[in-house]
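Asker: Throw the hints in and build the complete structure from the sequences for me.
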Amino acid sequence: MRVSKMFFQTLREVPAEAEIASHQLMLRAGLMRKLASGIYSFLPLGYRVFRKIEQIVREEMDRAGAQELIMSALLPAEAYQASGRWEVFGAEMFRLKDRGGREFCLGPTHEEIFTDTVKSVTRSYRSLPLTLYQIQTKYRDERRPRFGVMRSREFVMKDAYSFDRDEAGLDISYKNMYDAYCRIFDRLGLDYIIVDADTGAMGGSGSQEFTVKSSIGESVIAYCEACGYAANDEKAECIVQKGCGEEKCEELNLEKVATPDARTIDELMNFFGCSAKEFAKTLIYKADDKVVAAMVRGDRELNETKLQNILGCIELEMADSETVEKVTGAAVGFAGPIGLKIDVIVDSEVAEMKNFVVGANETGYHYKNVNINRDFKATIVKDIRTIKEGDPCPKCGAPVKVEFGIEVGHIFKLGTKYSKALNCVYLDENGKENPMIMGCYGIGINRSMAAVIEQNNDENGIIWPIAIAPYHVIVIPVNTTDSVQMELAEKIYSELMAKGVEVMLDDRDERPGVKFKDADLIGIPIRITVGKKANEGIVEYKRRKEKDFTVISAEQAIEMAKREVEEGCAVK
RNA sequence: CGGGGUGUGGCUCAGGUGGUAGAGUGCUUGGUUCGGGACCAAGAGGCCGUGGGUUCGAGUCCCGCCACUCCGACCA
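Quick note on our numbering: the first sequence kicks off at 1290 and runs consecutively.
Do not rely on the hints blindly, as some may be mistaken.
[Stated by the list, open to error] Straight-line distance between alpha carbons at most 20 Å, and here's what the computed SDA-like set of lysine to any residue pairs gives: (1) K1677 <-> N1559; (2) K1575 <-> V1529; (3) K1545 <-> G1618; (4) K1294 <-> V1621; (5) K1575 <-> T1594; (6) K1677 <-> E1855.
Just so you know, these hints were derived from the structure itself, not from any lab. The model shown is predicted, which means the values in this text are computed figures rather than measured ones.
Answerer: Written as structure tokens, this is what we have:
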């Protein structure tokens, strides 16, 4: 491609809307343009990268035996109503009606539609196992689109769905996808970690996230360097640290204390002059239509995902102050478990505490020396807190680390959630009907692209891995008015193309500085500069990721580039 | 959904106390340059987000709306 003819534009200044490196660079390098909040167009240069990522995903899916198809993004409501997700998705689903008033949505994900399709085609155990996939546009009306393409309202996802006869078959299909995902993210050049995750709105029995470590990531992961345990914060199990002597502690007499103006844990710490660990927070939640109380230690954060899973509710939110006052009979800030008439879910750590402080359900008062079982009863005792840096690893007990990550892939064991809801069954050898056992597997294409940039950039711009670079090589004649330079540049350009190398020729009548800056910004892995020594057939060969260049003959440069591209794109 | 901020050429931004628009960059043309975002000159490009109000007169003041953006949505 001749740069003079290319539809692209680089920006010298950082667009005001972009906060993070990948977003800034994608705009500055002219890979994409914003149309509206969370909605982007990909321009030719960006789309080339996009398609290469898609292609890697496609190759690995095919290699894993999955079959590609494509479904509409515009979907009738029925299948989602059957699975219950028409309600579950809530405001996040783009909904619309046709002229006849029938309801549709723009698909946020396609479990229901795949299930429905397989149901109508596949009847026999002989046809299983089966894995299908598509690379298709998804729509989610995000609460808050952010970070460019990292969290957008329209995005492309590779979604795959496996159908098996039994759990053992699912385990094999799942592992197969797991391995394919590792190959995909390896080929994309990403540094990632695989963590256990909650199944969330998808339902099912197990799931793992492929996460790229990054400070701007929105998922929180806890991992153990000692044993390799890794899970996201929604999932990471918390265990109770024993041996602090509480067990032997004598239970003191319950005492009601006037605590005017002390509502928050900070205020209470001041008032009582002790640490947050000696308080138990009582949080009032609305779980669908039911109101419940949940208790965690003063220094802990409640884990809403865990609580939601225990309660089995669809929606979970903190109760408003009106509800809190009605249920506790006190202003917000004085809730406690004693005398409450609603279910009380107690964190396993709180169940081990002795003589702690809770709200008295009376404005301006707290109880001290509270003890579980003597003073109140828990409806359920379970782990409902969020893991923190330094907490013991649930596998080996060593302190865990907590970091942020970008979720680029997610795999789930769905089980029969959708096949039962939509009656997707097969006949086994005995002619008996059984629901298919499903798995589903997603990769965000746009997000993966942004993640690669997050991990591969410097102050000058993007540094693409060769496998997904928009072009492999850029040839820069320093002076386009010099016919010797131009002739050599043209020769290198056409010879590289003849060898199957994707190459740009920066034939613009610009000063060399401008061309170098642009080449660095858009991150082309190999740069061949044709300058003063063109008359001797000598050029400069420079890699984007390295600081220095080497001076070699044009022939050597062509050979070297060809070899490097072959190596960089090779599939192991 | 709650709170804050911002809307002025493609991009980054100026425009006290009201008097119908500027700079830099980018773009076009000519010239001088030519190894890390050159210089000179001449141009093109804006119903100042939108609707209303105040006023002789609104980019500027008042009200509504919209869009974009940041923070929060774990406060007991």
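Asker: Hint check: K1545 vs G1618, CA-CA at most 20 Å. Holds or violated?
Answerer: Given that 20 Å is the threshold and the Cα spacing comes to 16 Å, the pair holds.
Asker: Going straight from one Cα to the other, do K1677 and E1855 come out at no more than 20 Å?
Answerer: violated, 45 Å
Asker: For the pair supplied as a hint, K1677 and N1559, confirm whether the alpha-carbon distance does not exceed 20 Å.
Answerer: The given pair, whose Cα atoms are some 23 Å apart, is violated under the 20 Å limit.
Asker: Is the hinted pair K1294 and V1621 satisfied, with a Cα-Cα distance of at most 20 Å?
Answerer: violated, 65 Å
Asker: Measure nothing beyond the straight line between the CA atoms of K1575 and T1594; if it is 20 Å or shorter, mark the hint as holding.
Answerer: holds, 14 Å
Asker: Run the distance test for K1575 versus V1529: straight-line Cα separation, threshold 20 Å.
Answerer: Status violated; Cα separation ~27 Å.
Violated hints, listed in ascending order, are 1, 2, 4, 6; each of the other numbered hints is respected by the structure.
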